[in-house]
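Required output: the full structure, derived from the provided sequences and hints.
There are 4 protein chains.
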Amino acid sequence: MTTEFILNFDEKPTLKNPVLIEGLPGIGQVGKIAAEYLKDELGATRFATLLSYTFPPQVLVKKDGTIELMKNEFYYLKGEQDLIILTGNTQAATNDGQYRLCQKILDVMEELGCNKIYTLGGFGVGKNIDNPVVYGAVNKDSLISGLESIDVILERSGVGHIIGASGLLLGLSSLRGMDGLCLMGETSGFYVDPKSAKAVLTVLARHLGIELSLDNLEKKAEEVEKMTQEAAEIEKKILEEMGATAKSDVLPDKDQMRYIG
Amino acid sequence: MTTEFILNFDEKPTLKNPVLIEGLPGIGQVGKIAAEYLKDELGATRFATLLSYTFPPQVLVKKDGTIELMKNEFYYLKGEQDLIILTGNTQAATNDGQYRLCQKILDVMEELGCNKIYTLGGFGVGKNIDNPVVYGAVNKDSLISGLESIDVILERSGVGHIIGASGLLLGLSSLRGMDGLCLMGETSGFYVDPKSAKAVLTVLARHLGIELSLDNLEKKAEEVEKMTQEAAEIEKKILEEMGATAKSDVLPDKDQMRYIG
Amino acid sequence: MTTEFILNFDEKPTLKNPVLIEGLPGIGQVGKIAAEYLKDELGATRFATLLSYTFPPQVLVKKDGTIELMKNEFYYLKGEQDLIILTGNTQAATNDGQYRLCQKILDVMEELGCNKIYTLGGFGVGKNIDNPVVYGAVNKDSLISGLESIDVILERSGVGHIIGASGLLLGLSSLRGMDGLCLMGETSGFYVDPKSAKAVLTVLARHLGIELSLDNLEKKAEEVEKMTQEAAEIEKKILEEMGATAKSDVLPDKDQMRYIG
Amino acid sequence: MTTEFILNFDEKPTLKNPVLIEGLPGIGQVGKIAAEYLKDELGATRFATLLSYTFPPQVLVKKDGTIELMKNEFYYLKGEQDLIILTGNTQAATNDGQYRLCQKILDVMEELGCNKIYTLGGFGVGKNIDNPVVYGAVNKDSLISGLESIDVILERSGVGHIIGASGLLLGLSSLRGMDGLCLMGETSGFYVDPKSAKAVLTVLARHLGIELSLDNLEKKAEEVEKMTQEAAEIEKKILEEMGATAKSDVLPDKDQMRYIG
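Protein chains in written order, with my numbering: chain F, 94 to 354; chain C, 94 to 354; chain X, 94 to 354; chain U, 94 to 354.
Just so you know, the hints here were simulated from the structure itself, not pulled from any lab data. Bear in mind that the values here come from a model prediction, so they are computed numbers and not experimental data. Every clue listed holds true.
No copy is singled out in the list; a pair is fine if it fits within one copy or between any two copies.
Quick list of in silico lysine-lysine cross-link-like pairs, DSS-like style, CA-CA up to 25 Å: (1) K209 <-> K109; (2) K171 <-> K105; (3) K171 <-> K291; (4) K197 <-> K164; (5) K155 <-> K220.
Structure below.
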């Protein structure tokens with residue numbers, strides 16, 4: 094009970110060269126919407142849950158009053174191409190925690206024989222976008238080939254960063270010899286963005302060579318949006334008011350407030 | 094002397110299926126007022142003190158000039174239903190510290206045979222409330238039954254979070270098979286709120302099936318308010334002035350200033 | 094070279110029931126001025142230097158271009174009452190680091206047979222003060238007696254906090270059975286305050302029963318002020334400008350900027 | 094894969110009394126430009142890469158869509174005076190991480206027989222400078238001699254700080270008996286500053302007694318500037334907008350945003 098990671102397996106699936114598809118909370122919730130939709134639409138089975146002290150110190154309360162811990166969850170799906178889908182309600186909340194968490198995730202992947210990962214996310218452009226394109230990033234030169242033919246943009250005008258799990262998984266997996274691709278849907282960054290997630294999933298399905306209906310994507314986006322937006326207005330009001338009256342210890346550490354939402 | 098937690102027992106009580114009631118500093122000080130009142134009104138006996146490097150690096154100075162370390166304290170009360178009450182002058186000040194602290198508290202609970210916990214807190218709504226209701230959250234579906242009959246609201250329009258010990262204890266206790274309920278009194282979040290604490294205690298007493306006079310609650314709230322508010326005005330003034338003149342190392346690390354109050 | 098604390102002894106003095114006097118950087122630099130003056134005026138001998146990874150990640154550059162690491166230093170003086178004086182150019186920069194540092198300091202004190210500590214600091218009141226009084230705080234009731242006769246104010250209208258080493262040393266030393274007194278000179282908190290340090294030293298000398306000329310105190314305050322103020326103006330300007338142009342990685346981590354000055 | 098530092102050697106060069114020249118990201122990117130230019134212009138060979146959990150949790154995406162982890166890199170050059178050049182795309186992102194990282198770097202230096210280090214950086218003055226001078230700082234009195242004759246300014250009006258690797262390497266190397274000099278080019282701190290880097294390299298070449306053409310320095314500065322500036326405008330816009338709408342968990346932890354650029 095006292096280790097930084099608590100990994101519980103529902104079952105240990107036997108998979109054939111599975112590829113990992115990661116989509117965790119992030120800009121525009123693009124990656125999370127995409128991964129959640131994928132596992133629901135394809136009917137993937139959860140096989141493991143990862144809890145961690147690197148997560149924000151809080152629980153999530155669902156609409157019926159039951160709670161769940163902050164967590165990442167692993168799903169699998171057998172098929173022509175076996176898949177592992179990683180999603181969850183949070184990313185690690187500290188710098189070094191992000192590194193350790195991603196290494197832990199990759200340990201699980203190695204154990205299951207995975208040697209290729211896709212990470213999904215948003216590419217913030219700071220303005221509204223009608224027809225979002227998809228940017229790609231790869232951890233090996235050999236992965237570039239074939240991406241432009243399915244409309245993934247690789248070249249950019251300057252150097253950028255990918256922050257958090259989508260970036261770190263790509264980088265750290267390369268140390269283990271794994272292939273890694275990141276697909277990022279263009280998004281304003283101002284709100285939850287299903288259109289961007291749709292663009293990402295369209296490209297992903299083509300790259301994996303799988304059929305994927307995207308008809309129900311809007312509904313999934315609505316669910317994700319509700320989970321991240323409602324509490325925020327009230328919390329913001331309280332924090333502002335509290336700042337104004339200097340009652341600085343009425344709420345716990347500011348660090349713990351970041352993920353309210 | 095060099096471990097992160099220093100747990101000192103005054104005595105090790107032998108208890109029969111005790112339930113834990115936690116109320117630590119938090120929004121509107123609702124949980125702390127409620128827990129402090131409960132242990133005083135019922136005449137509970139302190140049996141352990143928990144110090145931790147996860148707490149803010151400071152001491153509290155009482156009105157007579159004597160100091161006390163930041164700490165959490167455990168009280169017990171024998172009766173038809175044995176109780177353990179946890180209160181204190183702080184929560185952990187870091188993300189991972191919150192996780193480790195809550196696990197440490199649950200270790201103590203397991204040792205004492207406790208398998209049910211109540212966590213008390215405020216539910217911030219960002220506006221003044223005349224007649225605060227009490228929201229509930231549970232870590233098992235089976236705990237829902239019976240809560241609405243005593244006016245605890247479980248259903249809400251969206252998903253929310255419970256931040257800090259009240260949330261984490263609920264979540265982490267579920268990993269040990271413990272029952273966990275959180276009772277949150279509606280509160281503005283703008284000031285120390287005895288009315289909200291009263292609403293919480295009313296519901297708690299009904300759920301525990303105990304008699305509890307709430308006549309002295311206002312007085313307890315006044316005490317708690319004094320402990321959190323007086324120094325804040327001066328500190329705020331100093332911090333503003335220091336910001337203005339850029340003497341950034343006259344005071345220690347900003348992280349250490351958060352709990353001034 | 095890889096431990097969090099690096100403690101180097103110049104010599105290990107044999108002392109008879111020494112008392113520790115601590116004065117590290119803090120509000121108004123009151124404690125630091127007092128401790129620096131005391132060790133210079135009494136001609137105390139340095140016997141140990143403590144370096145720590147808990148300190149800000151920087152070095153100090155002196156006027157001749159030579160540098161020194163952030164450090165705490167221990168001095169001793171033999172006499173009717175053997176003294177240990179602790180001062181330095183920094184406090185720990187993280188919450189848990191403050192706890193571990195203070196425990197380390199107390200380990201050294203135990204080894205040298207010390208069982209009484211004085212911690213010196215400022216008491217911020219947010220306005221200019223012509224004749225600063227001295228507030229006291231003690232870690233045992235038995236230490237109250239005698240303090241008021243030398244004009245130390247113990248009673249206050251409400252509860253407060255002592256943040257950082259002056260507070261934590263008081264609290265943590267009580268766990269080892271040591272006597273602990275904190276003397277805090279009233280100060281605005283807006284600038285380096287020798288008048289407040291003078292008030293603290295006057296009281297300290299009376300309590301220790303030692304002779305102490307305070308004639309050169311103003312000069313010491315000037316030195317301390319120069320060390321904390323000059324670089325601040327330029328750094329502030331740069332930080333503002335950089336904020337305005339969003340070049341967020343031109344300087345290292347914001348955490349590392351706090352102690353610039 | 095689970096240690097805080099991952100040090101990979103391309104080869105282990107045998108060097109004769111090598112001196113280390115460090116230039117990592119920092120104010121005005123002065124040190125980084127200088128070190129990058131030096132290793133390219135002199136044709137130094139990379140021999141080791143250092144990854145660390147103390148770095149920001151992100152990867153860098155190059156213009157062709159390939160990524161690289163945040164890293165520090167060691168180069169060597171054999172000659173009359175063997176050189177080791179340390180540069181990279183980041184510094185450690187936490188206080189104690191900076192200490193541990195610098196110790197790790199010095200461990201490598203000791204292993205290679207290095208006993209003298211130069212650290213390069215900017216000296217922020219908060220205003221534009223036409224003809225930047227070079228300030229020096231040394232970790233031993235004996236290193237002062239000879240510096241002024243090559244126009245390095247050692248004396249200053251007050252005490253200052255050197256923050257991050259350039260400072261800490263100087264300080265911590267002194268604990269190992271190594272000689273350490275820091276050369277800081279005057280810079281506004283407002284933008285990437287090749288003129289300041291040129292001033293530093295001019296002095297460095299004279300001190301090392303090596304020939305060094307500085308004709309291509311402007312081009313190197315342009316590269317560095319592109320790597321740090323382009324993404325910043327968009328990120329800033331997104332962060333502001335997100336602040337305004339309180340979607341606080343759309344992006345990961347604020348700590349992880351600091352190095353966006």
